[in-house]
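Spelled out from the first residue to the last, the chains are:
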Amino acid sequence: MELLPGTLDLLILKAISLERLHGLGISRRIEQMTRGTFQVKPGSLFPALHRMENQDWLASEWGESESNRRAKYYRLTKSGRRQLEAEKVRWDRVALAIAQALEAS
Amino acid sequence: MRKYLANPFRRARTEQELDEELRFYVETLAEEKTRAGMAPDEAFRAARIQFGGIEQVKEQVRDVRPGAWLAAFLQDLRYAVRGLWNDPGFALVVVLSLAIGIGANAALFSVLNAVLLRPLPVAHPEQLFALSNPLSPNSVKNIFSYPIFERMRNVTGRNGIAALSRVANVRVQVDGDGDPEPRGVQLVSGEFFALAGLSPALGRTIAPEDNRRGGGQPVAVISHDLWQRRFGGSADVVGRGLTLNGSHFMIVGVAPPGFTGMWLESRTDIWIPLVMQQAVRYSQNFSANDADTDKPWIDQEGIRWLNLVVRTNADAVALDTVFRQYVAHQAETVANPEIRRLVLKQRLSLDPIAQGFSNLRRQFTGPLFALMAMVALVLLIACANTANLLLARANRRAREIAVRLALGAGRGRLIRQLLTESFLLASIAAATGFAFSNATSALLVRGALGPVTGSAPFSTSSDLRVLGFTIALSVLTTLLFGLVPAFRATRIDLEGTLRAGARGVRGGARINTQKLLVVSQMALTLILVVTAIWFSASLRNLAQVRLGFDKEHVVTVWIDPQSAGYPTAQLPQLYRRLVDSAEAVPGVRSAAVAACGLATSCRDISDIRIAGDEPRPGEQVLVQENRIGLNYFSTVGMHLLAGRDFNGRDTVTSRGVAIVSEAVARRYFPGSNAIGRRFGYTDKGAKADIEIVGIVENARVNSVREEPPLMAYYPIQQSTVYGGSLEVRVTGDAAARMAEIRKAVTGVDRSLPIDRITVLSEQVSGNLRQDRLIMWLTSTFGLLALGLGCFGLYGVMSYSVARRRGELGIRLALGAPESQLFRMVFGESLALIGVGLALGLPFVFAVSRVVSGILYGVKVNDPVLVGLAALALSATAALTAFFPARRASQISPISALRYE
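Same order as they appear, the protein sequences are chains A and B. The first sequence begins at 1 in my numbering and counts up by one. The second sequence begins at 106 in my numbering and counts up by one.
All clues given are correct.
Chain A stretches covered by chain B per the calculated footprint, using a threshold of three residues with CB under 8 Å from any CB of chain B:
no.	stretch
1	20 to 26
2	49 to 63
Lysine-lysine pairs mimicking DSS-like chemistry, simulated, CA-CA at most 25 Å apart:
no.	chain 1	residue 1	chain 2	residue 2
3	A	LYS41	A	LYS14
4	B	LYS163	A	LYS72
5	B	LYS163	A	LYS41
6	B	LYS138	A	LYS41
7	A	LYS14	A	LYS88
8	B	LYS138	A	LYS72
9	B	LYS163	B	LYS138
10	A	LYS78	A	LYS88
11	A	LYS41	A	LYS88
Calculated directly from the structure, the hints in this document are not laboratory data. Beta carbons are placed, not taken as given, at the ideal position from N, Cα and C, and that holds for glycine.
Given these sequences and hints, build the entire structure.
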């Protein structure tokens, strides 16, 4: 399923809120969190990661992967965490509003 | 900011990291698949497919990087430079034609900027206004007397209003320092510098205490420019002395840098107080009524000579009250109730003078806009040409572009890249054109104004506005010529182009665009060629106009006995000696003095009353006057039609006499004999006691362009007017006699300066300087357009022939005669020319409205002139089209088919 516009940032922030992950890890984690509903393609993922890093929501570092290879890991920064909270609140309001709209008779 | 700058230069490392990051993704996927049992290379392939295009992803990541645009721009720029380097012929032709187009636009815009747009370098120029009385005749509507200025100053308070004279050209002698030089001198009231917000660069400016009458205030402020050039910028200039027309002044200060006066065309170098009017014998651009111009002007209500300047915050109501009182007073003296009503209707109004005063502005505005429109057309044609060249170039590069599109380059990015190339071309052209415009705009002004004695013409130096205009122009041209080719070039049938091999053959739509461009070039060229022909015809008409005097055999010597300080009592003797010594020169037949020279702007107009003729209410009988010495008419070659010439018996003590021009006799004495009739001035108490003794033929005494005015000539010996010119009639080559005549005149009195000495024909030709300049410019533009247009046609047809080589070869192989191929291609060219001309025609009529006011004796709807232009254009274009057509007929079928 295609991602809803504006949700990619939220999902990425959420995906690395517990631990640092590399690109493939992030896309796997999103798939897992959404029970397979959303698959993030590399063409969307990497531009988003680099953009969010430039916005200082993410920090990156090179580390060792499970397969003992050099991989680029992303983790949340303080401002990223704040952004996650803000996005969550915003999403809750959107979801609530949409739900109410659909239930309205 | 560092991030933005650092990015492009640390690219290598960033790129490497990006590559590693993405590779890790793909390879991990592949490893997983291998572990799941896939063959390694199969797994890798599957992983790559799942990932999508690695290069595309990289490109998308690059786009979100900070400064991505800068990096992309620099990359595009490098690419563009490389591309042009490899195609120098193309680059040269494009840059050259655009540079001419942009340069011509920038040059004319600098002149337009200087004449119409550039504000005075004073504080808040937009708040400055000149008082005017719109119901007055044009020449006097914004001049006022000193007493009314004083009353207005009393009600507006300090610095509310300032008065200025016109700029006089005065010989200035710096104490103990070389020969006198002519300089622009302006008389100003003490409030002027403060009102304009001009603070001195050194010393002080003219201040309110310099308004004191009596005793005189012999102080002068000099321009920053004069200070630098004449005094080397030294601080001890304050306190030095100057002599102006025999009066001594002390320099008290230097005006701020950049301020060259309030008049566009009269650069001012020296300012002195208004109260010094009589001391420097200032006497120009005035209107006198019931006044004695030999007495100080500041005391006389009847002499109007001052421009009054206020700011927006001036007390308009108070000013208006003063003006109404003046008008009411004026009306009291008028008996006729209808005229009184007209007098009472006068109102004060405010004219903005943010750009300064100017008499040239009105005269230049029409031609400037017409020329500006023309250079815009030249630039448009150059743009069309460039677009054509770009389209052809894009076609040569079709395969390269197709490959890049196939490899994942975005179309937007490719368009940006092609536009960058266009922008690079336009920028180089604009820089070249800008440099060229700086040199030419000054030449244009000098060409239009001619050699100027004394004050230099106004500067057209580039300012930010000209620079901005040029930059905007280069961006605009980039879009104009670059956008269509960029879009066309990237709209490619990928498969077709790649399969078709090295040559881009699919260009059907493109060739149509190119033909459309050629057609519009032809249309625009027609406009410019027609205009050039109109202006040439106009100049020819002006050159053939009947002047009414003999310009070939008369040498004019401009003299200025007033500046030299001659008392009026000595004038008759001076005139006699001048005439005698000039006539003593071999080859001189006669000589005569006159107050006004011929074909100059010198004019003196009076309102007269003819005896026994009651004018209708509001009617003015205006005649232009000149005061002349004996034998004037025979000297300048004007023919007396009736009556007698002046003679030695017409003296100060005898009856006042006049000779009028034919036009005066026709207009005011129709059906009767004017000789013996009398007239006088309309001043109070003046009697109609001037008797008409002769009628002389009409002559264009003011300017070649101006219809002969209604003239009245008086004997100079019956007045105390200063002579301005000595006319000398010679036999044979007039120019050859000039040196000896100069010697003879100088011999009369060394202290009498000769302003200028010319053959009359040269002076007359000076009248046409602007017309000649416009003719040259429009002809140049016309030829340029013709060249560019034909170049465009040639290019497109050659390209079309090359593209259809195969088709033409087949036709030949199938037995079509060569002449048929020739006719086919040539006919197509003719069709393009014909459609272009047809499309251009309506525009020609639109343009004709703009220029008809500037043309002399040319009917813009004359089909002969338009037909001539169309013929010239189609003949030249057909000649250029001949070559591609011949090439088409000479194709060898075998080589053409083999090539395919």
